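S.K.: So you can see what is in the structure, the chains are spelled out below.
Protein chains: 2
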Amino acid sequence: MAANNFLFDTRDVKFVLKEWLDLDKLLGCDAYRDYYSKDDVDTFVDLVYKICRDQVGPANEDCDKIGAQYVDGRVTLPESVKAAYHTICDAGFGPQKGDREVEGHMPLLLSGAFDEMFSAASAGVTTLWNATAGAIGVIQEFAGEKYKALFIPKMYTGEWAGTMNLTEPAAGSDVGNVSAKAFPTDQPGIYKVKGTKIFITSADNDIVENFIHLVLARIEGAREGTGGLSLFMVPKRWVNDDGSLGDVNDVYTLGIEHKMGLKGSATCTMSYGENDACYGILLGDPPGEDGKGKGMAQMFKMMNEERLVTGMMAQGISAEAYYNSLAYARERVQGTKSTDPKGPRVRIVDHEDVRRMLMRQKSCVEAMRAMIYKTYYYLDLSHDSPDPQERAFADGRFQLSNPLCKAYISDMLWVLVGEAIQVYGGYGYIEEYPCAQLARDGKILAIWEGTNYIQSQDLVGRKFTMAKGQVIASLLKDINDFIADHKNTAGFEKEFAMLASVMADYQEILGLLNNYLQQGQNTMAPLYSTRILHATAMMYCAILIMDQALLATRKLAEAGEDHFDASFYKGKIASARFYVMNELPAIFSIRQIFAAGDTTALDVPEEALG
Amino acid sequence: MAANNFLFDTRDVKFVLKEWLDLDKLLGCDAYRDYYSKDDVDTFVDLVYKICRDQVGPANEDCDKIGAQYVDGRVTLPESVKAAYHTICDAGFGPQKGDREVEGHMPLLLSGAFDEMFSAASAGVTTLWNATAGAIGVIQEFAGEKYKALFIPKMYTGEWAGTMNLTEPAAGSDVGNVSAKAFPTDQPGIYKVKGTKIFITSADNDIVENFIHLVLARIEGAREGTGGLSLFMVPKRWVNDDGSLGDVNDVYTLGIEHKMGLKGSATCTMSYGENDACYGILLGDPPGEDGKGKGMAQMFKMMNEERLVTGMMAQGISAEAYYNSLAYARERVQGTKSTDPKGPRVRIVDHEDVRRMLMRQKSCVEAMRAMIYKTYYYLDLSHDSPDPQERAFADGRFQLSNPLCKAYISDMLWVLVGEAIQVYGGYGYIEEYPCAQLARDGKILAIWEGTNYIQSQDLVGRKFTMAKGQVIASLLKDINDFIADHKNTAGFEKEFAMLASVMADYQEILGLLNNYLQQGQNTMAPLYSTRILHATAMMYCAILIMDQALLATRKLAEAGEDHFDASFYKGKIASARFYVMNELPAIFSIRQIFAAGDTTALDVPEEALG
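For the protein sequence lines, the chains are D and H, in the order given. The working numbering applies: residue 398 is where the first sequence begins, and numbers increase by one. The working numbering applies: residue 398 is where the second sequence begins, and numbers increase by one.
Just so you know, these hints were derived from the structure itself, not from any lab. These numbers were taken from a predicted model, which means no experiment stands behind them. Wrong hints could be hidden among the right ones.
Identical copies look the same in the list; a pair holds intra-copy or inter-copy alike.
Calculated lysine-lysine pairs in the PhoX-like style (CA-CA distance at most 25 Å, straight line) [as the list claims (entries may be wrong)]:
{"id": "1", "residue 1": "Lys739", "residue 2": "Lys691"}
{"id": "2", "residue 1": "Lys551", "residue 2": "Lys739"}
{"id": "3", "residue 1": "Lys578", "residue 2": "Lys739"}
{"id": "4", "residue 1": "Lys739", "residue 2": "Lys689"}
{"id": "5", "residue 1": "Lys734", "residue 2": "Lys689"}
{"id": "6", "residue 1": "Lys462", "residue 2": "Lys865"}
Based on the sequences and whatever the hints tell you, model everything.
M.R.: Dropping the structure here:
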């Protein structure tokens, strides 16, 4: 039996879902009313916790130590990974979430919460169904009824998997440079596909019976760049009209990458049409006379939600590192208290800097969780609210927050897991303890689904200007109102003074950005966009966790000191205080740096870089 | 032949050694005058570069992929690692540096510079001689003539190795809890040693003939805590009076750790005296009636310089990540310029955020290099200057800067190599490219030789108060004088204004620290010491790299635009500007945070942590 490092405290997840977010409102929407109630949350969360503890956690070491193996043209996965996958799919927590049309589907907020726990238990295992869920969404929206009926039910159950094929050796972030080609055949809608794709996540394994690969390619004669791309469903095995599996398509796995981590997920190099016999089904219409394909828009449909899943995976890994380093700090005895050097030896949780590192992790994990769960909430409302105005509002908040969740959380992962390793001291560097693998598994999340730089450009270039700036303006108003409404709250005067002070600086950052752009200094946006994204995420996180602290204060007063939840609420209040007073002020420096507006990085001649 | 990712630009090393530091003064000291001149620097640096390129770089992949192996009670290393080790030792760049008594020994500044390059080529290989060098220093100072003559010459050449044995399962940072014991024998100075040590770096391998283990243990009857410890030389094989190898001592390697990285260096669990037959030679006198041993003071002698070596290893790894990510960014074509979206596809070095990440790495690598080379320079002067006042001054600067070099550089390594991975995009996550291994290899440097928390406590608790605060006061005066002297330098007005503004905040941080301590808030020091250490290091680094930029400006004016060095000097000026305008301002936030003085991390009840 492999080691099981899974440790997760579900209390904050339940707080966010049941006490903080307006779950009744969401579950009151038509899609959910007859199927879910707030009372189900504990049942579901506890069930997922048990699956993680009993099945997914133990598979995680095999993910790393055995990993996906490429043998004779096929990818194999460890038995424990297969078992975990089937358990999750059978229990209804797998790719099902991608099917928004089926009766009784679950809100993404809930499946998102479960993905946090699954990622905490094993990010490698978690990759196995998330691309499938995304592919279901694309097929549902863009495929004809025939293929929807043929493909989705088998993908829904996890018997088949879906993948997303954009990247080629010369087309990474630069998707428009895709060189994969597609050629019409005699059959309408069926094309011959030809090309090589790399870095395709979980595109081969011995768990599922069939793969529906979504492949981005250029139909002969279409225009160059992203505008000319189309999207194809390329089954690994062709599917007969009666649903049975037919001929093998000309699709081959050429190899898998040797990666820093996430070794339970095969990162495949895929060959399509090497023998000129790979057939794919076009999604939507072929390019018209203007040569424009619909592939990118269709793919973005998938990527938009996959970005949020990436943020949630980073959330789960960061949380797992915290829970483990906390448990270690509570057991490990080392040294005496700084205030009592001749006193008894103490556990390291009593050392000031260890406390700092633990509170940093705790406060960031909870602040990020507040932001990403809120974003999932808005994503659901943007689909399910009966009120069109509310749908539009929720969509705006989702769109704005999506790059924040993806980039801030995955950037912070590297920092926070680094702190967790540091709490362990030398043991943090040993692979029998969990944090080394968590750092290795997590680093890719800052890169895939659009690098964090691309997220920051999306934020600054598209999201800030969305709806003529109304979306960000409305968020700023909410933040200012929140501070104005609560600034005199007894016991939180210092925190609200800090929030107000930092918010002034944050708004100055946005003002500076406008000024630079108005003066034609257009490169100031991409040069500072990463820092602006971090500042925006921190400001938003701080407000959300302060809102949680105010709720926790009320709950604590109601429950009383002796209530079993008193410690949780005190911890929540501590998280908010720590985040606002220790993390958020980083914005002061960002404002000063942006105001000074140094452009050395662009001015320096390239040959002077070394 | 293994892949060789070694890439290193020696130009800045030569600039620091030959143009910036006053090397003539150091080489004018008695110890060096007859042996070295500034003209030798290029020869040495180029020779080490070639060894790195041809021997050490190629061994680094074997370090990671094959690694140290534990088979039947012995540790074996890959053949390429053995070859690299012997080449380095034979060329005179190995443990020789530990011998300060031999005629013609090299200044540590030079061997430190070579260690930067060796660490860049392979941190794993570099561990193989550094503990030996440290052990030579201890033996030289504390052993009797007989053992000095028996041990040092063989260690000097690298035929034998030395190790440092402090850590036990229950005694990591808490060294005083060591439970290893020593018992007198009939022979004066010879003791029976008994105990188990863990995390012992390079304590076994099949490269060297013999090991001289320095083992910290408590002589029967000595007092508890660090004060009661003594230090023993425990040869793996006993050495006869004629220098030949004698009986095997009762010393066994019980196993090696499975680590995140640095796999070319065996991290051993060592057993001493399992069969009650392990003999060691006491260094210095046994505890007197007060029960006090001399072991900790002797061990600190070694650790003090090993800390600086750790900083240098972190320096080399950070530099290597920069040079590699720069080379990649110069080749990799992806997307168009943000200012010319319909223009030609460009190399990613032309993208703003990639430039930011590259300049961040370059400026930090050079600023850190300025600090650590300057610290090595002071370390040499503290031994070799003919002027006792200058020796004392240099020793103060070395003592003060030592924790800055160890902790700031190893903390920044994690951040900077993270940025390097990000520059590579998906390829950064693939182990065939160098940066994943660099991150994995480097993380331990923030932990060993005293965790970075211990470094920060050393800075704030000991170094700030050293000589009644005169050492830090003198550094502050130098910084203020430097700013005052140069604030009107044409072309650097913005940078000096920023330096002055940040320096005011930095001094306020020190003032706040004094205030808190005077008010009896003693826990504010350890709670904020990590942030204070980072602020101190950044302030010092900024001044040093600005000093380099002023020199580079003069050199550029002398050399002219067409000189082959013009690009280097422009790059140096850019590094200083970027560091001062983009990194240094982080101190603004630290000041605000420290002024607010949040103590939530200590106030929170432990049970509220989760």
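S.K.: Run every hint past the structure and note whether it holds.
M.R.: How the hints compare with the structure:
no. : hint            : in the structure
1   : Lys739 - Lys691 : between (72 Å within a copy, 20 Å between copies)
2   : Lys551 - Lys739 : neither (66 Å within a copy, 43 Å between copies)
3   : Lys578 - Lys739 : between (74 Å within a copy, 22 Å between copies)
4   : Lys739 - Lys689 : between (76 Å within a copy, 17 Å between copies)
5   : Lys734 - Lys689 : between (68 Å within a copy, 23 Å between copies)
6   : Lys462 - Lys865 : neither (51 Å within a copy, 54 Å between copies)
In terms of the numbered hints stated before, the structure departs from hints 2 and 6, listed from lowest to highest.
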